[in-house]
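Letter by letter, the chains look like this.
Protein chains: 2
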Amino acid sequence: VDRTAYAQARERHAGLAKPPGSLGRLEDLGARLAAIAHRCPPPVPSSPALVVAAADHGVHAQGVSDWPQEVTAAMVATVVSGGAAVNAIARTVGAQVVVVDVGTLRLGPVPDGVRDERVRSATRDLAVEPAMTLDECRTAIRAGARVAAELIDGGTDLLVTGEVGIGNTTASAALFAAFTGADPADVTGKGANLDDGRTAHKVDVVRTALARHAAAGRSGPLETLASLGGLEHAALVGVMLAGAAARIPVVVDGVVTGAAALAAVALAPEVAGYLVAGHTSAEPGGRRLPDRLGEPALLDLSLRLGEGTGALLAVPLVQAAARVLTDMATLADVTRAPS
Amino acid sequence: VDRTAYAQARERHAGLAKPPGSLGRLEDLGARLAAIAHRCPPPVPSSPALVVAAADHGVHAQGVSDWPQEVTAAMVATVVSGGAAVNAIARTVGAQVVVVDVGTLRLGPVPDGVRDERVRSATRDLAVEPAMTLDECRTAIRAGARVAAELIDGGTDLLVTGEVGIGNTTASAALFAAFTGADPADVTGKGANLDDGRTAHKVDVVRTALARHAAAGRSGPLETLASLGGLEHAALVGVMLAGAAARIPVVVDGVVTGAAALAAVALAPEVAGYLVAGHTSAEPGGRRLPDRLGEPALLDLSLRLGEGTGALLAVPLVQAAARVLTDMATLADVTRAPS
Chain A
1 VDRTAYAQAR
11 ERHAGLAKPP
21 GSLGRLEDLG
31 ARLAAIAHRC
41 PPPVPSSPAL
51 VVAAADHGVH
61 AQGVSDWPQE
71 VTAAMVATVV
81 SGGAAVNAIA
91 RTVGAQVVVV
101 DVGTLRLGPV
111 PDGVRDERVR
121 SATRDLAVEP
131 AMTLDECRTA
141 IRAGARVAAE
151 LIDGGTDLLV
161 TGEVGIGNTT
171 ASAALFAAFT
181 GADPADVTGK
191 GANLDDGRTA
201 HKVDVVRTAL
211 ARHAAAGRSG
221 PLETLASLGG
231 LEHAALVGVM
241 LAGAAARIPV
251 VVDGVVTGAA
261 ALAAVALAPE
271 VAGYLVAGHT
281 SAEPGGRRLP
291 DRLGEPALLD
301 LSLRLGEGTG
311 ALLAVPLVQA
321 AARVLTDMAT
331 LADVTRAPS
Chain B
1 VDRTAYAQAR
11 ERHAGLAKPP
21 GSLGRLEDLG
31 ARLAAIAHRC
41 PPPVPSSPAL
51 VVAAADHGVH
61 AQGVSDWPQE
71 VTAAMVATVV
81 SGGAAVNAIA
91 RTVGAQVVVV
101 DVGTLRLGPV
111 PDGVRDERVR
121 SATRDLAVEP
131 AMTLDECRTA
141 IRAGARVAAE
151 LIDGGTDLLV
161 TGEVGIGNTT
171 ASAALFAAFT
181 GADPADVTGK
191 GANLDDGRTA
201 HKVDVVRTAL
211 ARHAAAGRSG
221 PLETLASLGG
231 LEHAALVGVM
241 LAGAAARIPV
251 VVDGVVTGAA
261 ALAAVALAPE
271 VAGYLVAGHT
281 SAEPGGRRLP
291 DRLGEPALLD
301 LSLRLGEGTG
311 ALLAVPLVQA
321 AARVLTDMAT
331 LADVTRAPS
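Protein sequence lines, in the order shown, are assigned to chains A and B.
Going by this note's numbering, the first residue of the first sequence is number 1, and it counts up by one from there.
Going by this note's numbering, the first residue of the second sequence is number 1, and it counts up by one from there.
Hints listed in this document are in silico derivations from the structure and should not be mistaken for laboratory results.
In this text, a Cβ means the ideal position worked out from N, Cα and C, and glycines have one as well.
Some clues are possibly wrong.
[To be verified] Derived DEER-like restraints, expressed as beta-carbon distance ranges:
hint, chain 1, residue 1, chain 2, residue 2, range
1, A, L107, B, E150, 54 to 64 Å
2, B, T330, A, P296, 32 to 42 Å
3, B, A7, A, N193, 20 to 30 Å
4, B, T330, A, E150, 26 to 36 Å
Working from the sequences, and respecting the hints, build out all of it.
Printed below as a string of structure tokens:
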């Protein structure tokens, strides 16, 4: 990011027609948007796009979710038909929704309207072996980056991350523990309404996976992502890398996209400057993300659905932060104004 | 509000294609919107309007602000010319902005584009006498109600409250103390960047005003509003009453609109059900508002500008909460979906 543009935005804010600092976090965000765009004022994002990455997880075999894996494909169909929560919110904020299947379990073809980038049918069980090979992981990253780059070529100026995948909060917890050093018990939550006993089991599964991964002795960021993550995490890493490369902000949603953010920043630390935490996850892991991204999430509405719902709700805040820098009169203008 | 529609919304949410409760506060808000509209699903607000009530304050003579009173009229001119923070945010969320002058100090005519509803040139000094007569207060309430009713007749389906007025955080602190029983020191803040010494003086002014009001022995809600409030508070009470009467949600901004909300609810307790707290005020008084409105504010971005900025930023959240209830598929739909 561009520290000069950041400083210019801070200076500009100090001269706008308001008490200095009175727009609070909107001023911080505006300065970050200037740094991301490498210019001040930053452009006002007008074409946001949500990328929903979908995949299934071998770790489902460990009993970490109450939901059958078929729900992943059913939710993909719901999103592409426009009936998911994320579609309702996307209509509200004027975002397009792109669904990318990077590895759901399915017998038949990928439905119309879903971008087919399937690397394999679900990951392997991360509790017993690496979830992906390094090649599979790289292929999924490239798929996400390709989708994002095509969107940007088509005019997208704000990327929003989302996901669908039964079992993916288990893989996310493993990534949070691996990338932050936290104890699995502190970053593993109840996901889609798991009860307390099953959540304790989920913690054990994550602990087993981390021990297995540590014993393998390959702890580079790509190895960790491949070993413990999901295909959707890898695809979202690609989205984040592509957004950063194009100097476009990427809004992070909850714990799953947050786990992808940790992997992306581990792979390329400069990506952190391009990520905006949209919503604080209700999952315990998600609450650790701000420490890595440098600022707390914009929203905290107790959402724990994923899909990109929390990130989409933050889109108008990003637009407003940029527009304030573009549109507002200065204190000098106001003192010249007739009264 | 309609408890049956509220219960219907809760039931509808439980059957939508997501884990129960996973949309968190968006579900709570959606149920409240159903209760407000007296139907489920509630309509999705498509025509939000911000009413910015402007007035000056006799208590300015006590040295409670660093800003000269001329800034009120200058800020009114800035809002009507489109260069204020609130205009930038209104463009982002698609809201119209209506500026109502209910009592600024000005020598010349009210500028073009400003609705002229001036009751008097500023209030009296609330530290030494009632700020308004009961008649003046009623006239300002009626002006706000009239503006809101005309907007609603013209298609406005979501009211947003804002204000401009140098000195109005002092009157707001007095209203908060009077309506909540809080000590002035606990509800009086630094307003537009007052330093610590001046803030302590501001607390003393509020304390003097409360003692004067208590000694007068007329503690009904209208008497309290007239004695301690501003003309913009009264006008905003009118906006809130008109919104509630038309079964339309009214979004509250920060400490000034929050003080008006306390007065409105004191005058007509059922109005509380129609108010949505948009943004937590950075002023200490504002942090007490959720106790009265029954739920915390939707946003907490450390804004302390007023004008309606925080309330406007909450508009997409209100729209999304309604749209989720309107647009989402049910769990039954999803299980029937091809996978």
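Hints versus structure:
Hint check: A/L107 to B/E150, Cβ distance near 60 Å, so the stated range 54 to 64 Å holds. For the pair B/T330 and A/P296, the beta carbons lie near 34 Å from each other, so the given range of 32 to 42 Å is met. The hinted window of 20 to 30 Å between B/A7 and A/N193 holds, with their beta carbons roughly 21 Å apart. Look at B/T330 against A/E150: about 33 Å separates their beta carbons, and that is inside 26 to 36 Å.
The structure meets every hint from the earlier list without exception.
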